[in-house]
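Asks: Sequence:
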Amino acid sequence: MSYRVAMDIGGTFTDVVCYDERSGTVTASKAPTTPGDLAEGVFAALGRVVDDPAEISFFVHGTTQGLNALLERKGARVLLLAGQGGRDVYQIARGNRDRMFDLRYRKPAPLVPRQDVMEAGGRLDYLGRELVPLDEESVRAAGRRAREEGFDAVAVCLLFSYANPAHELRAGEILREELGDDVLVVLSHEVAREWREYERTSSAVLEAYTGPVVRRYLARIERRFAERGLAVPVHVMQSSGGLVNASYAMRRPLQTLLSGPVGGTMGGVAAARFMDRANAICIDMGGTSFDVSLVVNGRPDVSAEARIEGYPVLMPIVNLHTIGAGGGSIAYAEAGALRVGPESAGAVPGPACYGRGGTRATVTDANVALGRVDPSWFAGGLMTLDVEAAGTAVATLADELDMDPLLLAEGICDVANAKMAQAIRTLTVEHGIEPREFALVAFGGAGAMHAVFIARELGISEVVVPRFPGAFSAWGMLEADVRRDLTHPYFRSQDTLDGPDMSQNFVTLEEEALAALSAQGVPGERRRVEHAVDMRYEGQDYTLTIPLRDAAEPAEPGFLETIAARYAEAHTGRYGHATPEAPVEFVMLRSTGLGSFPRTAAAGQEAPEERAAYVRDVIFDGAVHSTPVLRRSSLDGELAGPAIVVEETATTVIPPGCVATVDPNGFLIVKVNL
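FYI, the working numbering numbers position 12 of the sequence shown as 33, with every residue one higher than the one before it.
No wet-lab data here; the hints were simulated from the structure. Possibly wrong hints are sitting among the right ones.
[What the hints assert, rightly or not] For lysine-lysine, the following DSBU-like pairs were computed, each having C-alpha atoms within a straight-line distance of at most 35 Å:
1) Lys95 - Lys440
2) Lys128 - Lys440
3) Lys692 - Lys440
In this text the structure is predicted, and so the values were computed from the model without any measurement.
All chains should be built: construct the whole structure from the sequences, respecting the hints.
Replies: The following block contains the structure:
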């Protein structure tokens with residue numbers, strides 16, 4: 022067995038990348054996604070890159086099943102079991118407003134209505150000591166109701182269960198006795214063993230809401246693999262950027278919520294490593310959305326908590342910022358001004374140039390009107406674009422705004438580029454990060470078409486377009502590690518800190534992490550564990566996560582001074598200031614087990630073919646430029662702009678004044694004239 026295969030299952034296409042360990046070659050393809058039975062699309066895609074599926078030694082994929090269920094509000098019916106007196110915690114949520122000056126702001130509607138929340142008697146104190154025994158009859162009553170009324174899942178969140186899970190564990194036993202395996206039972210301390218009652222409840226509800234959909238999907242994929250005699254274990258990308266096998270993902274389905282988009286970030290980590298770059302901004306521009314993520318010091322930018330669709334979730338998650346800007350984003354007039362997105366033409370009817378009935382101008386239509394797309398070889402020749410329909414759609418909007426059609430077409434692209442540049446600033450400038458110190462890694466079907474223009478907006482001097490940019494998220498999954506994240510609440514002031522005790526807690530977490538990696542099939546020599554501690558200044562509410570050298574470091578002399586200095590440095594980097602003389606507090610211990618697989622090679626560059634395909638007129642900055650249109654496989658040496666580079670999964674636009682080269686890894690490097 023020699024094939025390592027990764028898949029990114031999207032709404033329209035299933036992208037697949039295959040690495041042949043014998044030859045060191047990488048191939049990519051895609052097949053239409055089959056919404057009725059995603060497994061059909063999976064095997065159709067496999068057939069395009071692998072002759073004999075029995076030779077697959079490793080398989081990983083990203084899925085948006087859980088995320089789609091949340092976005093479309095098609096998740097499970099959930100019964101929430103709260104502690105006595107805590108029935109309204111989930112409904113009340115937090116009292117803050119996310120958007121202070123939005124007069125139409127509404128909090129997201131709870132996924133569990135109040136009538137579906139029940140209470141369980143019993144109480145622990147903040148240290149986890151039992152004050153009142155668990156009322157087991159109230160738990161059985163919840164189980165009976167869930168069975169009789171046809172609930173799909175039960176989420177249990179009892180007060181202070183992060184400090185002592187005994188009551189939740191017993192409640193879980195009772196519920197499983199009452200419900201069997203047909204109803205998913207979620208215990209909040211297993212989802213997020215962290216403080217903050219509402220956030221922990223929200224995390225448990227999200228897992229219960231999306232879990233049944235994910236479990237059914239993964240079970241079906243594994244069953245179909247078994248039916249075809251494939252013994253290879255199925256792995257799934259997590260929102261943290263790590264991998265787990267399908268059996269674990271079925272137990273902790275919330276971890277897969279953002280598994281599709283995160284693959285691109287891990288590809289960015291690998292690309293940065295291949296090019297010996299420390300920092301990269303990853304942009305994934307598709308037909309509907311634009312995703313931004315960061316690679317900082319060679320690592321993905323991961324947070325310990327996030328908000329998804331307005332719901333807080335406590336789990337390690339790659340920081341992704343998404344806006345409605347893609348090739349299908351519709352341009353329109355509002356109050357005499359040009360607007361672009363977030364509404365998208367989607368795949369059907371799609372942009373006007375697709376010839377599927379679309380009549381409104383989109384970003385793709387604007388690029389076609391400007392000559393920046395090869396209409397006869399779009400998506401590797403899978404489609405022939407209707408240039409006249411694109412021009413008509415742009416001209417119709419131009420008449421409404423009393424503008425020249427070509428100037429409007431450039432204006433549509435400029436507005437979209439400005440929106441995408443602002444999305445990047447949200448993750449960089451607003452967090453004290455200078456984007457000019459980063460390379461811009463562009464992928465997705467439309468990312469390379471706009472990357473240089475976005476880089477100019479931000480003062481970034483280098484754009485990187487990897488091989489197979491349309492399938493780059495799938496390739497990134499082949500570069501990810503198996504990952505397990507463990508936490509342990511540890512509330513201590515600096516005056517009460519016991520360094521050896523903290524160290525021993527880390528040793529215990531490390532043993533658990535290594536055992537978890539072993540259960541995932543990771544060989545001993547490929548396992549490692551990283552440790553960190555959540556800290557804050559005394560009187561603060563939120564924390565920063567500070568890495569440690571190893572589990573033994575807290576027991577060393579001078580640890581308090583060292584870790585306080587690291588915290589001050591991190592605080593300055595995040596907020597622009599620090600108070601070194603202020604006392605610090607410790608809140609949470611974090612240990613991350615990582616198991617590495619053999620790395621793939623970069624995609625490499627094919628042997629150069631004939632250099633130029635043809636020359637066409639392309640509009641840049643209001644002027645017509647005679648521009649060569651070349652196949653990416655033909656590139657050799659330097660390529661001065663203007664130029665259009667086409668390949669099976671994307672188009673790269675190189676404006677005048679920019680110079681592109683192909684590096685030994687097969688990456689297209691564009692030096693941007695600022």
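Asks: All hints are to be evaluated individually against the structure, with a verdict given for each.
Replies: Tested hints:
1. Lys95 - Lys440: OK: Lys95 and Lys440 at ~30 Å, within 35 Å.
2. Lys128 - Lys440: holds, 25 Å
3. Lys692 - Lys440: Holds: Lys692 and Lys440 sit about 22 Å apart, inside 35 Å.
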